[in-house]
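> So you can see what is in the structure, the chains are spelled out below.
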Amino acid sequence: MKKLITFTVNDIEYEVAVAPNRTLTQVLRDDLNLLGTKEGCGVGDCGACTVIMDGKPVNSCLVLAVQAGGSTIKTIEGVASGDSLHPVQETFVEMGAIQCGFCTPGMILSATSLLEKNPHPTEQEVRQALSGNLCRCTGYQKIVEAVQEASRRMKG
Amino acid sequence: MKAYNVINTRLPRVDARAKATGDARYAADLSMPGMLCGAMLQSPLAHAKILNIDTSAAKRLPGVRDVVTWKEAGLVRYGVSPARYDEQVFCSDKVRYVGDEVASVAAIDLETAMEAVSLIKVDYEELPAFLDIQSATAEGAIAIHEDFPGNVSAEVHQEFGNFEEALKECAIVRTDTFTNKRQDGGFLEPQACLAQYDLNGNLTLWSSTQSVHYVQRSVAMVLGIPVGKVRVVKPYVGGGFGPKAAVNAMEIAACLMSRRTGKPVKMVFSREQVFLHSRARHQFTHELTTGVKKDGTIFALRNVCHLDGGAYSSFGIATIYYAGSLLGAPYKLPNMKYDGYRIYTNKPTCGAQRGHGGVAARAGWEQQLDAIAAELNMDPVEFRLKNMMRTGDVTCNDFNMSSLGMKECLEGVRDGSNWGAKKGKLPKGKGIGVACGFFVSGAGYPIYRSETFHSTATIRLTEDGGAVNLYTAAAEIGQGSDTILGQIAAEALGVSLDDVRVHSGDTDFGVDLGAYSSRQTLMSGHAVKMAAEDAKRKVLEALSEQLKVPVEDMDIAGGVVVFKKDKPDFSRLRTMYIKEHRGWEDQPSGAELTFREAARVAFITRGVIIGNGAYKPGELGGKYKGAAVGTSPAYGCSAQVVEVTVDEETGKVTIDAMTDAHDCGFAINRTNVEGQMQGSLSMGLGEALFEEVRFDAKGRILNASLGEYRIPTMLDMPNVKTIIIESDEPNGPFGAKEVGEGAIMPTIPAILNAIYDAVGVRINELPITSERLFAAMKEKQKK
Ligand code: FES
Ligand code: FES
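Those sequence lines, one after another, are chains A and B.
Residue 124 in the working numbering is what sits at position 124 of the first sequence, and the numbering runs on without skipping anything.
Residue 370 in the working numbering is what sits at position 370 of the second sequence, and the numbering runs on without skipping anything.
Mixed in with the good hints, there may be bad ones.
One side of the interface only, derived from the structure: several residues of chain A facing chain B at Cβ under 7 Å [as the list claims (entries may be wrong)]:
1) Leu32
2) Gly36
3) Cys41
4) Glu77
5) Gln89
6) Val93
7) Gly101
8) Ser131
9) Arg136
Reference excerpt, derived from the structure (chain B facing chain A, CB under 8 Å, subset only) [as the list claims (entries may be wrong)]:
10) Ala16
11) Arg17
12) Tyr26
13) Val156
14) Phe187
15) Phe269
16) Ser270
17) Ile477
18) Gly480
19) Gly679
20) Leu681
21) Ser682
22) Gly707
23) Ile711
24) Leu715
25) Met717
If you want the footprint, here are the derived chain B segments under chain A, 3+ residues with CB under 8 Å [claimed, not checked]:
26) 231-239
27) 662-675
Note that these hints are calculated values from the structure, not bench results.
Remember, predicted model here, so these are calculated numbers, not experimental data.
Beta carbons are placed, not taken as given, at the ideal position from N, Cα and C, and that holds for glycine.
Chain A with its partners taken away, still in its complex shape (with noise of 0.2 Å):
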C-alpha cells in the first residue's frame, strides 16, 4: 500500500505516494528526478546519498520515504543559489577536490553542513566530519584543503 507523504525538498514543498519500502535515495531519484543524489551502496557504508534532512547530514538510503514526511531536505541541487555556487563548491571546483564526481554531491553536503555547525574547523575536524564519506579518487588531501579555504571565504 502507497503512503501519501508531504515533504519540503529544496524549498520547494512535494506531496509524494511511496510505497512503504522505498527509501528516501529512490523516492527523491526516481520520482523527483533530483539525480544528483547518488547511490554507490544502498546500505550506509559509503556517504554518496548524503543529504541534509532537518539541517543534519543522513545517508538518504537508510531512510524510509515515508520517515521523511513531514521534513525538510536539502540535495546537492538546492546548495548554489541560481548561478553562483555555494563557496564550498567554488572550493571544490577550483581547488581539484573534485575527480570522478561520484562522491562530490554527499561530500559537499557534508562539508556544508559541517561549516554551518563549526565555521571553523580545524583540520582533524574535517576529517572527523567527513570520514563517513568515502572517495576512492582523491586521496581526501584536495576535499580537506578546499574545505578549509571555503572556511576562510564564508568567515570574509
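Chain A is already provided as a structure; the job is to place chain B with the ligands on it using the hints.
Relative to chain A, chain B with the ligands alone:
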C-alpha cells in the same frame, strides 16, 4: 622552458561545475520512455554443472518482457585477449564461480525483474571447487576450462642475460617470498548501462566503461551486429581504476534484451555485484632472488610468480606478463629471469587494476632491496641512486627510457622529507622508508593485434569562430582526461580553455582504445594536438590568401593572430565580421585580429574547418615472445618516502607523513597531477594496510560491501607532500607522460620499509594488519 598560456597551469577541470552541482549524469542516472529494467541471475555455487534451466515461471510473471539464457545469447566466446576468449554472456555447460552469469530478465520495473530472477530454476550438479592455486593445480584437479587442463590459464618464461652465471659474481644473494591479497577496485560508482536497439537496427549502449572502443567491438562480435551499427557512449564515470576496462556480461545482456524487446533496457550493478564481477587486482605470490655485487651493484634477479586468476582470463594474460616485465627498471639490471603462472580458480575473475601487474612485485622487491642495502650497510637512498637508470638507458628487456627523472624524484623525496635527519635517528616505534617505481605511459600495442590508430581526434570550429569543438573517444573516468585534452587543444590552437568544448567517450567521435595503461594524456593527447595544429594550419592558410601574408609568418596564440613580421591591414576582415554579426554581443575589437575573425574567414572561404589527428606509437620493444607487453612510448617514474608510527602494544600502524615525487614528463595540469598522485597513494595505502577480499570455504565473498571491505577514509590518509618532476618526454605531447598509475608503485614498499625502520620486522604478506604485525614482532622477540 617555453612559456605556455593554457598548459602547465592549475585551471579547474572542465567538468567540475557539473559535478559540484549534481548536474553531471552517470549511467545509472539515464532513463528513456518505455524503458525496461534488467536483472541478472548469478550462480550461487563456485563450480557446478548446469543440468537444466527452467525459465517458465519467470516468463509467466506479469510485467516480465524477456528472459534470456545461453540459448538466446548463443555461445560466442569473448574476453580481453583474443588468445584467451574464455567467457560467454551466460553459462551453458557449467558455472565457474559464485556470481557467474546464468540468465537475465527484463521487466517493467526492477522489483518485477528481481522477482522473476528468483523464479528461474536451475538444476546444478556440484563439482569440487578449487579456491586456491594449490588445489587448482593439484594432481587430478578437474579442469575449470576444458581447454586448459591443469588449470594454468597462462604461463610466461623469459630470461635476459644469464641469471645463473651472474649470481657467481654476486656477494649477496637473497631470496624472499612475498604475497599480496586480492583487492577490489572500490570505485564509488557501481557499473550501470542502458541499451537501446532502434527500429533501423542501430544499437546504442550507454555504459560506465573505461573503453567505449573495446566494448563496441565485443558487443558487435558477441551479438553478431555489424560494428558500424553499434555505438557505445560513456556518460560521466564514477571511477574505474582498471576493472571497468573490459566489456561485462551485463552490458551484452542489456543489448540482447533490448534487441529482442525493441525497448530500451537499463541494468545497474548492486555493490555486491561489483565485488562479484571483480576484474580487479590479482593475488600475486612472488619468489624473488636478487644478487648484488660487493660494491652494491644490483646484478641479477630471478622472479617466480603465481597468480590466482579466478574463473576467467580477462586482462590476466597481460597481468602475468607485466608481473615480470615491470621489475628491473628503474634500476640498471643486466640479468633477469622470469617464470610466471596464472592459475584458474573458482573465484571471481581478476583483471587489471591501477599499477597493473606491477604493484605486488614492486612491493616485494623494493622491500628486498631495502634489506640488501642494510646488509651492505648502505643508505637505502644512496643504494638506489647508485643503481638508477638515466634518460636514454634501455632495460635488459628492451624498454627504452626516453626520459627518466628518477634521480630527481629520489633526491626530491630525500630532501623533501628531510631524510638525512630522520633515517636511523627516529625514536623506537617510529620509522621512515623509501621506495621507487616506474610504469608504462600507454601500452605500446592494442589488446587485439591490429594496425589501428590508438587514438584519433577531430576538431571542428564553429562557423562564427566562437568555439572549438573537440571530439574524441577517450574516456574521462575521473582521472581528468577531458580537461587535459581540452587544455592541449586550446594550447595547440592558440585559444583559451573556455573556448574549447570537449565531447568525449563516444565511438561516433573516433577511435580511442580508452582509459587503461595510463595512456590518455600521451596517446590521446598526441592525436588532439595534431588535430588542433591541423585546424590552425587551415585557418592560417585561409587567412594567408586574404591578407597575402605567408603562413609561416603568422601564428595564433592567446586568442589572437600573431604576425611575426609586419602587421597587415585587416580592417576589411573586421568590417565584414562586424557586419555579419550586427546586433550580436561582444564584437571583435582592439588592435589584434582575433581567432574568431580568422576562423570566420576560413569558414567563409572553405566551409566547416575540421582538423584531424591520429596517433599510434612506432615499433617498440624486442623480438622475444611477449616482448610487446610492457612496451610503451614512454615511462613515468616515482619515488616515495613514508613515515610511520607502530604501536608496539597492538601492532597498529599509523601513516604519519608521505612525500611523493613523480616524473610526469611535463604537467599539463598541475592540480590534476597532484590529484593522481594523492589518489594513487591512498589506494596503495589501503592495499598495504587493510584491503583484502575474503572468501568462505564455498567460494562466497565474506566481505562484499564497503562496510566490511574497508577502503581508506579521510582519517586513514595523511597529507602528502607532492613533488612534480618534469623530464620533458620526447615522445609525449608537449613532453607529457603518465601519472595515473605509476604513482602507486612505491607506496606499499615505502610503508613496509618504514615499518622495518620502526620495529625491525619485515612483513612478507599483505595486508599489514595489526595482528600480522604484532605476531611478527612477537616472533622477533623470541629469537
Ligand atoms: S548509498 Fe547510501 S551510504 Fe552508500
Ligand atoms: S572523486 Fe571519485 S570517489 Fe571521490
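> Now tell me if each hint is right for this structure.
Status of each hint after checking the structure:
Given the 7 Å rule on beta carbons, the hint for Leu32 of chain A is violated: about 12 Å separates it from the nearest Cβ of chain B. Residue-level restraint check for Gly36 of chain A holds (minimum Cβ-Cβ distance to chain B is 2 Å; threshold 7 Å). The criterion of a C-beta within 7 Å of any C-beta in chain B is met by Cys41 of chain A, whose closest approach is roughly 4 Å, and the hint holds. A cut of 7 Å between beta carbons decides the hint on Glu77 of chain A: the least distance to chain B is about 5 Å, and the hint holds.
With a cut of 7 Å, the hint placing Gln89 of chain A at the interface with chain B holds, because the nearest CB-to-CB distance is about 4 Å. Annotation: interface hint on Val93 of chain A holds; nearest CB of chain B at approximately 4 Å, less than 7 Å. About 3 Å separates the beta-carbon of Gly101 of chain A from the nearest beta-carbon of chain B, less than 7 Å, and the hint is met. Here the hint on Ser131 of chain A is kept, as its CB sits about 5 Å from the closest CB of chain B, short of 7 Å.
A distance limit of 7 Å between C-beta atoms decides the matter here; for Arg136 of chain A the minimum to chain B is near 5 Å, and the interface restraint holds. Checking Ala16 of chain B against chain A by beta carbon gives a least distance of about 4 Å; that is within 8 Å, so the hint holds. The beta carbon of Arg17 of chain B comes within 6 Å of a beta carbon in chain A, closer than 8 Å, and the hint placing it at the interface holds. Evaluation of the Tyr26 of chain B hint against chain A yields a held restraint, the C-beta minimum of about 7 Å falling below 8 Å.
Hint on Val156 of chain B is violated. Least Cβ distance to chain A is approximately 31 Å, over the 8 Å limit. Residue-level restraint check for Phe187 of chain B holds (minimum Cβ-Cβ distance to chain A is 5 Å; threshold 8 Å). Because the closest C-beta pair between Phe269 of chain B and chain A is about 11 Å apart, greater than 8 Å, the hint is violated. Interface restraint check for Ser270 of chain B: the shortest CB-CB distance to chain A comes to about 7 Å, inside 8 Å, so the restraint holds.
This hint holds: Ile477 of chain B has a C-beta 6 Å from the nearest C-beta of chain A, less than the 8 Å allowed. For Gly480 of chain B, the interface hint holds, since its Cβ comes within 8 Å of a Cβ in chain A; the closest pair sits about 7 Å apart. A cut of 8 Å between beta carbons decides the hint on Gly679 of chain B: the least distance to chain A is about 5 Å, and the hint holds. Among the interface hints, the one on Leu681 of chain B holds; its C-beta lies about 6 Å from the nearest C-beta in chain A, closer than the 8 Å criterion.
Residue-level restraint check for Ser682 of chain B holds (minimum Cβ-Cβ distance to chain A is 4 Å; threshold 8 Å). Proximity of Gly707 of chain B to chain A holds as hinted, the smallest CB-CB distance being about 4 Å (cut-off 8 Å). The restraint placing Ile711 of chain B at the interface with chain A holds, with a minimum CB-CB distance near 6 Å, inside the 8 Å limit. Because the beta carbon of Leu715 of chain B sits about 5 Å from the nearest beta carbon in chain A, less than 8 Å, this interface hint is met.
Taking 8 Å as the C-beta cut-off, the interface hint given for Met717 of chain B holds, the closest approach to chain A being about 5 Å. Given a C-beta distance limit of less than 8 Å, the hint that chain A covers the region 231-239 of chain B holds, as 4 residues qualify and 3 suffice. With 4 residues having a beta carbon nearer than 8 Å to a beta carbon of chain A, the region 662-675 of chain B meets the requirement of three or more and the stated coverage holds.
This entry does not satisfy hints 1, 13 and 15, going by the numbered hints stated previously.
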